[in-house]
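Starting from the structure of chain A, add chain B where the hints point.
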Amino acid sequence: MPTDVDRPEPTEIMRAAIVAAMPVILALGATLILGSEVWAKDDRAAASATAAPNSVSDGGTTLRSVSVELPDPGRLFPGGDKAEAINNNCLACHSAGMVLTQPHLSRAEWQSEVDKMRNIYKAPIAAEDVVEIVDYLAGLRNK
Amino acid sequence: MTNTRASAISRRHLLRAAVAFAATAAASPGWADDFVDLNLPSEPVWRELTGAFPQKGQMILQRSRPPLLETPFEVFDRGVFTPNDQFFVRWHWAVIPQQIDVATFRVALRGHVNNPLSLSLADILAMPRVEIAAVNQCSGNSRGMFQPRVAGGQWDNGAMGNARWTGVRLRDLLDRAGVKAGAVAVRFNGLDEPVVDGAPDFIKSLDVDHARDGEVMVAFAMNGEQLPLLNGFPLRLIVPGWYSTYWVKTLSDIEVLDTPDTNYWMATAYRIPDTPHANVEPGQTGFKTVPINRMVPRSFFTNMRSGDKIRAGATVALRGIAFGGDRGVAQVEVSTDQGQSWQNTSLGRDEGKYSFRQWSTQIRAPQSGKLVLLARCTNTQDEAQPAKPNWNGGGFMRNVIESVELSLV
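So the sequences go chain by chain: A and B. Quick note on the working numbering: the first sequence kicks off at 1 and runs consecutively. Quick note on the working numbering: the second sequence kicks off at 1001 and runs consecutively.
The following block holds chain B by itself, in its conformation from the complex:
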């Protein structure tokens, strides 16, 4: 079946390359290697593939400055850990550090603490370390699929990745600085800066209890290597089970607050409706909002995509990846009858509750017509993906059951 898929993609690609050129060359900075069709609900659907970014392999170019680079989806079929050089990239501001000297870099711990600290990378490496496999997913992953469409980065499903993170517990760092009684939040800043004075620096915060839960960590390694600069070298905050907006890159400042954080990136941006699935009706107003927080379960097909052709009546091997959000994966099921019935799949090795988990199964293709496949993940809290897509103006937290439509030959 993988041969079928490969040839189908290359055929489509050849036929449409010229269309892609026409559609996206106008937005092209000129270093495109290739193009990819993101299958978005409306134009423009083509994006360049680029290998022009430092320490990164081939990526889908969503924006060159500040960089928004999406992982080509076929990468997720190769294993549950996303290679560093194809891990998605998202920066808010264009002033990004381009040189980091490991001998002089410091991270500060300050604010509502007894002993303000300025730690070197040598200090960090000398501390007890922990390792955790965790999915890092953009709040707006899959925003491009929202209908009605919403403004913002038009991601397909590739603004996510899974890595084995190595670093030190944030709790251990906070204990070294000595958090004072009355602390309510911990705020994180990185080395990136706005271009224009007065624009809000990108800073994020967590409640102090969350920051001290022993799982939130400051990572210096990703899949056993130092992080690519565009993924946050030398230090990145890791917030297992929570959206990427909290995973501050090039982390340089940790500030303990004794009042709630009212900065723009917590109080105004990255807010979701305080409703089930963060769902509202288009045009709806007057609902309460909260900062985006925990992730929700998702599952994907990785060896099939819509438009692929399979033989009528054939046994078809299916596989994909899933994650439970802020919990482990309990099960992944597949449906061949629009969700009337579901069959369980086999889960691959458990790399930890915050990790991608591979699933696989086999189905029998019908003799005629077409075949619509659905995949549904249920996490260990018994929370399953919804059948109906959510909608909100930010394009956040999409986790509807995914489908692929195959044609029979």
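Chain A extracted, bound-state conformation:
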């Protein structure tokens, strides 16, 4: 934890880090206390590849059957009630991470992204949820 870092003279960036990290630390603590599996690492072991017995060989090349498991993307969009619509509608097709790491986009740009998801990628988003989703995205503070 940043507050435990043994630095007699914290730099300015460290002070900023401590302040910036506190809400996340508190949220993380709360998540763990509530017993959520969002942060569980159980999937890591399952993610390693295992080869089935089958193989095909010719010309010095052998191809072996593969069975893998992809890691569970796990988490929800943060924000509680305000994230309800985006969590209910968007996570079926993609995880939250890339959305949350977009640069600052205007409301019109986010509206266009949500429209693309609905109209072209056929995301079954109810019309009444669209405004709530766009509100959430336009409110992301990525500057």
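I should point out that these hints are in silico values taken from the structure, not numbers from a laboratory. There may be inaccurate statements among the hints.
[Unchecked claim] Partial pick of chain B residues on the chain A-facing surface, computed with a CB cut under 7 Å:
hint: 1; residue: L1125
hint: 2; residue: P1128
hint: 3; residue: L1229
[Claimed, not checked] With a straight-line Cα cutoff of 30 Å, these simulated BS3-like cross-link-like pairs (lysine-lysine) come out:
hint: 4; chain 1: B; residue 1: K1370; chain 2: B; residue 2: K1309
hint: 5; chain 1: B; residue 1: K1288; chain 2: A; residue 2: K122
hint: 6; chain 1: B; residue 1: K1353; chain 2: B; residue 2: K1388
hint: 7; chain 1: A; residue 1: K116; chain 2: B; residue 2: K1288
hint: 8; chain 1: B; residue 1: K1388; chain 2: B; residue 2: K1309
hint: 9; chain 1: A; residue 1: K82; chain 2: A; residue 2: K122
[What the hints assert, rightly or not] With beta-carbon atoms standing in for the labels, derived distance ranges:
hint: 10; chain 1: B; residue 1: R1171; chain 2: A; residue 2: A108; range: 44 to 52 Å
hint: 11; chain 1: B; residue 1: L1049; chain 2: A; residue 2: A92; range: 49 to 57 Å
hint: 12; chain 1: A; residue 1: N88; chain 2: B; residue 2: F1287; range: 50 to 58 Å
No residue lacks a Cβ here, since even glycine has one placed at the ideal position from N, Cα and C.
Only chain B this time, still in chain A's reference frame:
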């Protein structure tokens, strides 16, 4: 100089680890090993490093599902071939095959052909094979550097890799099926699927003459090994010199068309302005677009990155990688005076015109101030990287001259 660099990075890392945690933990699925600063023009700049994906080593996590995994840039300093387990990963749809049985897998050749075929992997391995070193680069590699910023995967420069691909010529496969007169395009589909019914399956096509040029191939090996599943096992289309969007993974269907392909991924997505450098002004409309196609030259510093410190007056060894796009590398030059003058560099071993090529040189650091280094690749068609960044709404085809800013100590 490499010691200087390593310590500079680790120092920055220690100082900023907590910031990284605050900035990205909110987007974290919880299996992050570490963090990396992508030096993007605006927040958020931190990404997790993850080793959680099957058959993959440590990668920069851009998205967990469907996976977008970027190659940590220091990998490119270790040689011109990118290790399979750190080769970038990009999938469009979340339904990705997780089991492939090599005994039952088939690839179909069908459509406007005389003899539709369903070939097994044994059939493919029994055919005459070819090998080619070729760069595979995402259309949106370096999108994160676009200014004004654009929506999409915010890649740094690591959505690219170079491998030695082994496989069979697409032309040989098409000849076995017997392409009928009047064929205009060949369309490729893989085993990935959209989650939602009715969404456009990811399929791409090439003009029939391109498909039959003898270079486009169906690869079953990458750097001498079978492909990682996330890189397209068991078969991947290789389109040397063209952007990765055409390099269809888990290739299972090859369809010869007698009409132009109007599917979404050709007619609407992955389009670029039909202008020099695919460049337009932000907000500009009304320009003609074409499907993205051939790659353009790029070069990178691999043993230096902005923020590194060097000794004033010291002789500094520089090295990096370059590729010519759809041609070989003719030369890579370095400038220490903002591009007023350029000095040539030594090129490493030529692994083929579609491969990364290493370059190296030495410069003398000035006695004071800072040092801005530029690297510029010119390909064998005399096409050089531009000094001004291109811009388009898709964030495609960035190839501006790269720079690193070093401070003197």
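Checklist entry - Among the hints numbered above, which are violated by the structure, and what are their numbers in rising order? => result Of the numbered hints given earlier, those the structure breaks are 2, 11, 12, listed in rising order.
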